[in-house]
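Protein sequences appear in the order of chains A and B.
Using this note's numbering, you'd call the opening residue of the first sequence number 1 and step up by one each time.
Using this note's numbering, you'd call the opening residue of the second sequence number 1001 and step up by one each time.
A few of these clues could be false.
Stated by the list, open to error - When the alpha-carbon atoms are kept at most 30 Å apart in a straight line, the in silico DSS-like pairs for lysine-lysine are as follows:
no., chain 1, residue 1, chain 2, residue 2
1, A, K8, A, K67
2, A, K67, B, K1095
3, B, K1008, B, K1095
4, B, K1199, B, K1008
5, B, K1170, A, K15
6, A, K15, B, K1095
7, B, K1095, B, K1163
8, B, K1191, B, K1095
9, B, K1199, A, K142
10, B, K1163, A, K8
11, A, K142, B, K1191
12, A, K15, A, K142
These are calculated hints, taken from the structure and not from any lab test.
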Amino acid sequence: MTEEEAAKTIFNGLKAAGINLVATLPDINLAQLLQQVEADPDVIHVPLCREEEGIGICAGAYLVGKKCAAIMQNGGFFNSNNAIVTTLLQYQIPLLLLIYYAGDIGDRTFSTSGSMTEPVLQALGIRHYVMREPADAPELIKRAQILTEDSRRPVALLLTKELLGRRASLKSL
Amino acid sequence: MKCEAQMKRFDCLRTIAVAAADALVVTSAGAVTLEWNALRPGDGNFRVRTLGLCSSIALGMALGLPYRKVIALDGDGSLLMNLCSLPTLARMRPKNLVHIVFDNGVYEASGGKKTATATGTDLVGIARAAGIAQARWAHCEDEFGTIVTEALNGQELFFIGAKVTTERTKVPPYPIDEVENKYRFIRHVEKTENVAILKTNLPASYT
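Excised from the complex, chain A in its bound form:
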């Protein structure tokens, strides 16, 4: 899949799962996906200055009936930890977190972030899934949305370069 096709597939998956408010902060690897979010008039798009405020915005919107997703880099996930703990987990509020997996195997520059991402998610008790195949994205997003609503906890989907159509996928990964 091209980058644009992958972005469309992921975004259509979000819409099919009922997501109607999306808070975002850019990463170059997320540019096409954010373009899809921005272009859709039926989805409220909230561009953020810092990811932690997005956790609050999504929590508030959930309380009045919206289905929300937050899209960010893993650096933004680290920025958001106090809000995730003392708002989402403490109040048992669901949220779909779509986190670009900077520092994933073969991804330059943020290998330290990459090595901390899954351990921190695990420490917080946030169930997480690494996404590598764009064609699977709609079904995986649907399942993750069911899990977050049902468990009343955030669920994290880690978005890799191959998921986003930015490098070839490997059969064994």
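Model the placement of chain B on the given structure of chain A, informed by the hints.
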């Protein structure tokens, strides 16, 4: 407007309670939650535990329910921790949101150390510079009441700053925990907006 005496937060809250009608109200971490709930108890109040997140949670509510007034009752220490919520408020410009900040110059719930507003930081100035056109200081109670009434009757994003004393009013403790607060708040929205938010699924054996 000339001011005879410094404002007390509790008196300002009383003014808001009279004018708030059915507005959803988000209160910042700290004593403002207890004082507000003593004045206007009810399930349309949501208490924030994450310092800083009051303005952001209120923004999410305002975007989700664009025809319902939402009031954020924030503090200086809280807003200073999440100043980037102001450009985001300005960018989204929800016309149903009234953001009120009680500025007492101290981290009141954390031992009374001074915040940056005590050394000159101007929160209304920051809000205006962030792009919120209706950002004003209320200098005394009369002026506070006038601006709050204008904001609640208007159709525009408002940011209202009020310099208040550090005085706390003795009120009962907040009676419910976070999860009960969440459920009561959602049920209140369901009832007053006539919508279904929390749906219970049938067990798998029934589907």
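For the pair we were handed, K1191 (chain B) and K1095 (chain B), check the Cα-Cα distance against 30 Å. holds (23 Å)
Agreement of K15 (chain A) and K142 (chain A) with the hint, judged by alpha carbon distance not exceeding 30 Å: holds (9 Å)
Hey, K1199 (chain B) versus K1008 (chain B), does the alpha-carbon distance stay inside 30 Å? Violated, at roughly 43 Å.
Starting from K1163 (chain B), check that the Cα of K8 (chain A) is at most 30 Å away, please. Roughly 49 Å between the alpha carbons, so the hint for K1163 (chain B) and K8 (chain A) is violated.
For a C-alpha distance cap of 30 Å, please report whether K1008 (chain B) and K1095 (chain B) respect it. holds (28 Å)
Given the hinted pair K142 (chain A) and K1191 (chain B), is their alpha-carbon gap at most 30 Å? Roughly 28 Å separates the two Cα atoms, so the pair holds.
Tell me if the straight-line CA distance from K1170 (chain B) to K15 (chain A) falls inside 30 Å. Distance ~48 Å between K1170 (chain B) and K15 (chain A) Cα, so the pair is violated.
Between K67 (chain A) and K1095 (chain B), does the CA-CA distance stay at or below 30 Å? holds (21 Å)
Tell me if the straight-line CA distance from K1095 (chain B) to K1163 (chain B) falls inside 30 Å. holds (24 Å)
Going straight from one Cα to the other, do K15 (chain A) and K1095 (chain B) come out at no more than 30 Å? holds (26 Å)
Mind checking the alpha carbons of K8 (chain A) and K67 (chain A) for me, to see if they're no more than 30 Å apart? Satisfied, since the Cα-Cα distance of roughly 19 Å is no more than 30 Å.
Is K1199 (chain B) within 30 Å of K142 (chain A), Cα to Cα? Holds. K1199 (chain B) to K142 (chain A) sits at ~17 Å (cutoff 30 Å).
Violation of the numbered hints given earlier is confined to hints 4, 5, 10; the remaining hints are satisfied by the structure.
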